[in-house]
Amino acid sequence: MVALVAIVAVLLIVISAVQTLKIAELWAINKGKVIYEVTKKQNKTQALLMLVFLVAYFAFFAWQVWKWGDLMLPVSASEHGVVTDRLLNITYAFIIPVFVITHIFLFWFAYKYAYNPNRKAVFFSHSNKLELIWTIIPSIALTVLILFGLSSWNEIMTPVDSEKEHVLIEIQAQQFSWNARYAGTDEKLGRAGVEFIEGVNAMGIDIKDENSKDDKIVRGEIHLPVGVPVQFVFRSIDVIHSAYMPHFRAQMNCVPGVKTQFNFVPSITTEDMKKITNNEDFNYILLCNKICGAAHYNMQMDIIVESKEDYEKWLAEQKQFAEN
Amino acid sequence: MSATHHHHEEQDFLFKYIFSQDHKMISKQFLITGFLMGFIGMVMSTLFRLQLGFPGESFWAIDFFLGSWAENGVMAPDKYLALVTMHGTIMVFFLLTAGLSGTFSNLLIPLQIGARDMASGFLNMLSYWFFFVSTIIMLISLGVEGGSASAGWTIYPPLSALPQAIPGSGLGMTLWLVAMAIFIASSLLGSLNYIVTILNLRTKGMTMTRLPLTIWAFLVTAILGVLSFPVLLSAALLLIFDRSFGTSFYLSDIYIGGQVLEHSGGSPILFEHLFWFLGHPEVYIVLLPALGITSEIVSTMSRKPIFGYRAMVTSILAIAFLSVIVWGHHMFVTGMNPFLGAVFTFTTLLIAIPSAVKVFNYITTLWKGNIIFSPAMLFSIGLVSTFISGGVTGLILGDSALDINIHDTYFVVGHFHIVMGLSAIFGMFAGVYHWFPKMFGRMMNNTIGFFHFWITIVCAYGVFFPMHFLGLAGVPRRYYTNSEFPLFDNMLDINELVTWFAIVAAFAQLLFVFNFFYSALRGPRSSQNPWRANSLEWTAPVEHIHGNWPGEIPEVHRWAYDYSKVDENGEYVSGEDFISQVVPLGPNEKDGGH
Amino acid sequence: MTSITLNNNDYKKEIKQKTAKPLLWIGLMSIVMFFAGLTSAVIVSKGTAVWETIQIPSAFAISTVFILLSSLTFYLGERSIKNNQLAKAKVFVLATLVLGLLFTVTQYIAWTDLYKNGVVWAGSESSAAGSYFYALTALHLLHLLGGLISLLVVSFKTIKEKYNAENLLGVQLSSTYWHFLTALWVYLYLFLIFIA
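Residue numbers (the numbering used here), protein chains in the order written: chain C, 1 to 324; chain H, 1 to 594; chain B, 1 to 196.
Extracted from the complex, chain C is given alone in its bound form (with noise of 0.2 Å):
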């Protein structure tokens, strides 16, 4: 019935729409006007209007950068999170100039020339000189994000050096939750597969390698220790996942038969950070970050980073693998 209503309404107002608009067309005619050119009101009228969306446009930028300014991530929570940041705002220092300049001439010129039928457009249909300058200068200033961006990645892209002091984690993702695995005393992680994958092996680590016996493994938090370097490796045992650590600027996919692998130095202790961001309830979190099914949306681990007395005392309690 009200489907009925619903048909009914919708046609009333379409069949009224195109009667008003036969009106208005007739009457036009009647009026010695060609209905289908852009009138010289109508004109003038779209010319004000790029001037007013510009200002507009501008005045929602500012807004949202006022308004949403501070829900952005707080300070980077590790090292070449800094270096990242940096490296964005540089970015950010290109682009905003280059957007807001270029928006003004669009709708500046689009503004100001509008159609006047006592002037003449100036036929001007190339110049070299310009193409070049156009061409030279965003170059320039590409290459340098480029070498800036490239010296970054590669820093960050590089494995931790075994001889230094780390940590070894290793995560796995699987449809919807992550698990932990931390290297013991050996800083080796035993042999794992989906082929030992059974009951309360949920991590399919072998139990036959000797570098399993010391491995921890930890399941709703990890924890970290501050100044120390983590070397993550990750794998999953379904479909891509992917670990994304956004306070650490951290991210890499987690995908079935391939082992990656992301490490970064966490800088500030999660105490700390909740006094950065003043809120008491503040967690550094995991979450997934590739569609994964029905509960990606659902997919989290909490972080813990403390300083490294309280992360031996947080480890030691863990149960080795060999234990369970």
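Be aware that a few hints might be false.
As the list claims (entries may be wrong) - When the alpha-carbon atoms are kept at most 27 Å apart in a straight line, the in silico DSSO-like pairs for lysine-lysine are as follows: (1) 13(B) / 16(H); (2) 162(B) / 21(B); (3) 590(H) / 129(C); (4) 28(H) / 12(B); (5) 16(B) / 157(B).
No lab work stands behind these hints: they were computed from the structure.
Here the structure of chain C is known, so what remains is to put chains H and B in place on it, guided by the hints.
Below, chains H and B without anything else, positioned relative to chain C:
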């Protein structure tokens, strides 16, 4: 060749309209089908925006449209993923590739180069009907058990290979692959025609450098298609083998549903490489025709030659060339060799250069022009704005070190929607408004057009600009709801605002739909050259003729951009502010532009 | 809307003469890219996966001989038509068809040989190398099937003497496609040796 006026009622309705081999009819077929699919894609996005803006709330609209996919008016999480997958697939391929290229390449190529029709009307007809069939299959996949494909429009395996991982990866995914295989065939058939027609069937005097920029754009787009769509086909084929025959091209070491699968030795990353080898050129296949259309309209409506014609052609070629060697920027965080990542960062940032050149040239075309703000012109100016806005964020995403923290977040969603969902669709709208008289012999209503443009651009920026902030705050894409993480509690207001803008934008498109059909059926009849433009299509009679021109095909004597050309005394050379391409050069006149 | 049509359809014929070959060439380009995709898939896989060494059945070598011969006969057949030697043409074209069918048969034999040697396409016993072996050759054969259909039509028309020196576009198109399939096979065969 002389024309004989005799009415062809004898020509079967079937062959005149349904299986037409006339490029003008085929272009309309692509347009209607493309827009229909676009409408469906838009309804999908409005529905999942309701879920994102008001998570978990019950809506009549969700219940009405989604039926069993939603319980009590709330969509199921896996069906949310089905919707985003199909939205992406439909918009990228069915609306912006087939709809955009199919319409305008078909309409404009023969008319602008001076040909009777495409090289092969038969292949052209097949191209449309394959497209139609793939549309039907894609739509059918929405109704099958388990739902449609749900692994994102990028359909990475193993998620897309295993029905145990998500229901849509069963029959729905199979139908998706079948539909896309047929779609690829359609696209290739179209591209063949476009390339050969442009290269071989130009009229006398139509040298390559006298071609309008639309033709250059369509040519390069078609070449890109020929080079990249077959690779998608190979990727899809290997996926079909993995799914249905037990091969292990992409799959290895999988434990799911309580058992270890037999697949061994494959890598999902291989799929990503093959997919994105198409996927990246694909977005330029989407964008280049829109850029070409903009060149035409900005020039015509400013009464000025397009600034830097040769630079524009070079940019199109440069963009196309570079687009083939940047695909890895979609894969920075897959664990690829860092050196590869560095190479892709380098090539990706390079694309900014020809893109910037195009933007500067559009703006310079406006400078000291005499601008008429038809709705087409508004959308073209809008395209330049959105191309700038969306393009600059590409510089952040293309930088591998920066991409680490924003890959697969809303930052990416904002970026690609602004360049595709805005720029490309604006190009399509502009093209429709501008060439409507050529397609239907009637004019669209300008007032409705003005409202359509302004509401759309304001609301569209309202939808997609805030997404950059969401992304920078760490909000991932393809999340059913952002309410499960305390980290994102502050983001819920932004989501709601975005949804409001999306709803208004969606309804605003009804203005266009109304305007389109009203004008096609009862709009005021247009003159032969209502925009007073130079290019060849406006020299063909308003009523459609098979073979386009009643007598000889006109001969071309100049390029397409002699607008406001003046002599030494500052007087218009032709007495008015445009000179058609068919007008021979005067005794002291040089061919414009050089 | 009145619809005025040009009286003569000659322009369609003229367009066809001018554009049929370029259309085919671009089509061949897309097939090249299809196999280029598969080629790079093999190369990427070879770099990452455990790679089984495969013994190439000799039947593939025999296939190669057959298809090379068939290209030769088709070339001779086309030349005969150009010289209006229709009797010779019939012989050569039919020989091409026969050789094409022999190619198909030897492909099948090669597959059964592979299977006997334990190289399986899919399932738990399969390996990447084996899967690609079957996939590449089968996909080539699929394209060849199209070539055989075209060849059938050409054979039929040659026997009916529908072609002559002025009217041989169909033969040229078919033979171009056929030579392409031969070249593609030679490339694939060498590639298979490389990946085995």
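- Task: Report the numbers of all earlier hints that the structure fails to satisfy, in ascending order.
- Result: none
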